Amino acid sequence: MKILKQNFSVFFIILTLFIFFGGTSFLFSQAQKKKIEGIVTDEEYNALPGVAVKATSPGLKGISYMKTDEEGRFQLPNLPPGAYYEVTFSLPGFKTVKRKGIIDQSGSTFDLMVTMELATTEEHVTTMVVSPIVEKWATVEQSEDFLLRAIEFHGHLGPYLVLGFKAGLFANQIFGREPMKTEAFIKTKTTPPQSCFADGVQFSTGCTFGKRNISLTEGKGLQVTFIKNNQKLTLKLKKEIIEEINSLPSKEEAWENLAKDLYQRKIKEIFETVPQTREK
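Residues in the sequence shown are numbered consecutively from 1, following the working numbering.
Derived from the structure by calculation, the hints contain no laboratory data. These numbers were taken from a predicted model, which means no experiment stands behind them. One or more of the hints may lead you astray.
To be verified - Pairs of lysine-lysine, BS3-like flavour, derived with a Cα cap of 27 Å: (1) K189 <-> K268; (2) K266 <-> K100; (3) K239 <-> K220; (4) K239 <-> K181; (5) K239 <-> K211; (6) K100 <-> K220; (7) K220 <-> K35; (8) K54 <-> K181.
Unchecked claim - Label pairs and their computed distance ranges (CB to CB): (9) K54 <-> E256: 22 to 30 Å; (10) E256 <-> Y84: 45 to 53 Å; (11) S195 <-> N229: 22 to 30 Å.
Ideal placement from N, C-alpha and C gives every residue a C-beta, glycine not left out.
Take the sequences, apply the hints, and build the full model.
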């Protein structure tokens with residue numbers, strides 16, 4: 001009887017250790033998994049349901065696949081980190097969008113804001129949030145309704161509001177729009193009209209002075225740096241754009257006309273950019 005009790009005690013100890021270390025190992029392995037999630041919209045920022053979202057990678061067994069829900073949202077869980085991924089978004093009638101990059105070890109979730117354009121003969125390829133960022137000019141999503149709301153937020157239409165608005169949209173496309181994790185650092189004159197740039201950035205990115213994730217400091221010219229996690233993107237307003245604004249007459253109509261014109265221009269015609277990895 002004593003031998004049976006001793007054997008049972010040994011068995012119980014072994015079983016407890018197995019469950020503890022086995023369970024810990026399982027939880028640890030699960031904690032290493034990453035996920036890619038986000039929202040897909042059209043060019044007017046309307047949610048697109050039914051978009052086929054497919055992730056492929058040499059480090060992934062098979063394919064991670066789902067379709068966006070009624071709100072245009074998707075989630076691809078249980079993805080191994082440190083691997084190169086290609087995420088494809090496809091929907092009949094729209095251009096196929098591909099996001100490519102490496103999921104690094106930091107963080108557990110990568111958020112993507114994807115805009116799909118009406119189909120043409122070309123395939124639209126952009127770069128995912130990667131480490132480091134691949135230097136590539138992207139087409140900034142534009143929405144007149146979104147801009148009208150920015151004007152209402154700011155109080156009037158002007159060149160610097162539009163410049164900040166477009167800079168923020170470009171950062172959204174590179175990083176994904178995530179107001180709680182993105183920071184914006186602006187260097188220019190801290191008085192109007194240059195300071196109006198900050199309102200455009202606030203509205204398009206969701207960074208606010210209240211959250212203390214946007215700052216405006218005195219500086220020459222105009223430069224904004226966006227930071228998210230370990231990624232950094234710096235946009236510098238081209239000298240010729242500054243000269244164009246400075247040459248405007250004081251009439252409000254002239255300022256509004258230039259603002260409308262800047263809104264239609266491509267981002268690379270307005271800013272110089274140097275994407276780079278943030279130093280840890």
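Okay, the hints, checked on the actual structure:
With a C-alpha separation of about 23 Å, the suggested pair K189 and K268 falls inside the 27 Å cut-off, and the hint holds. At roughly 23 Å between alpha-carbon atoms, K266 and K100 fall within 27 Å of each other, so this suggested pair holds. Pair hint K239 plus K220 holds up; C-alpha atoms about 11 Å apart against a cutoff of 27 Å. Restraint check: the Cα-Cα separation between K239 and K181 comes to about 30 Å, which exceeds 27 Å; the hinted pair is violated.
Distance check on the hinted pair: K239 and K211 sit about 31 Å apart at the alpha-carbon level, beyond 27 Å; violated. The suggested pairing of K100 with K220 is violated, with an alpha-carbon distance near 36 Å, which exceeds 27 Å. Between K220 and K35, the direct Cα distance comes to roughly 41 Å. Violation of the 27 Å bound is thereby established for this hinted pair. With a C-alpha separation of about 25 Å, the suggested pair K54 and K181 falls inside the 27 Å cut-off, and the hint holds.
Between K54 and E256, the C-beta spacing of about 44 Å breaks the proposed range 22 to 30 Å. In this structure, E256 and Y84 meet the distance hint of 45 to 53 Å, their C-beta atoms being roughly 46 Å apart. One distance hint, 22 to 30 Å for the beta-carbon pair S195 and N229, holds here, with the actual separation near 28 Å.
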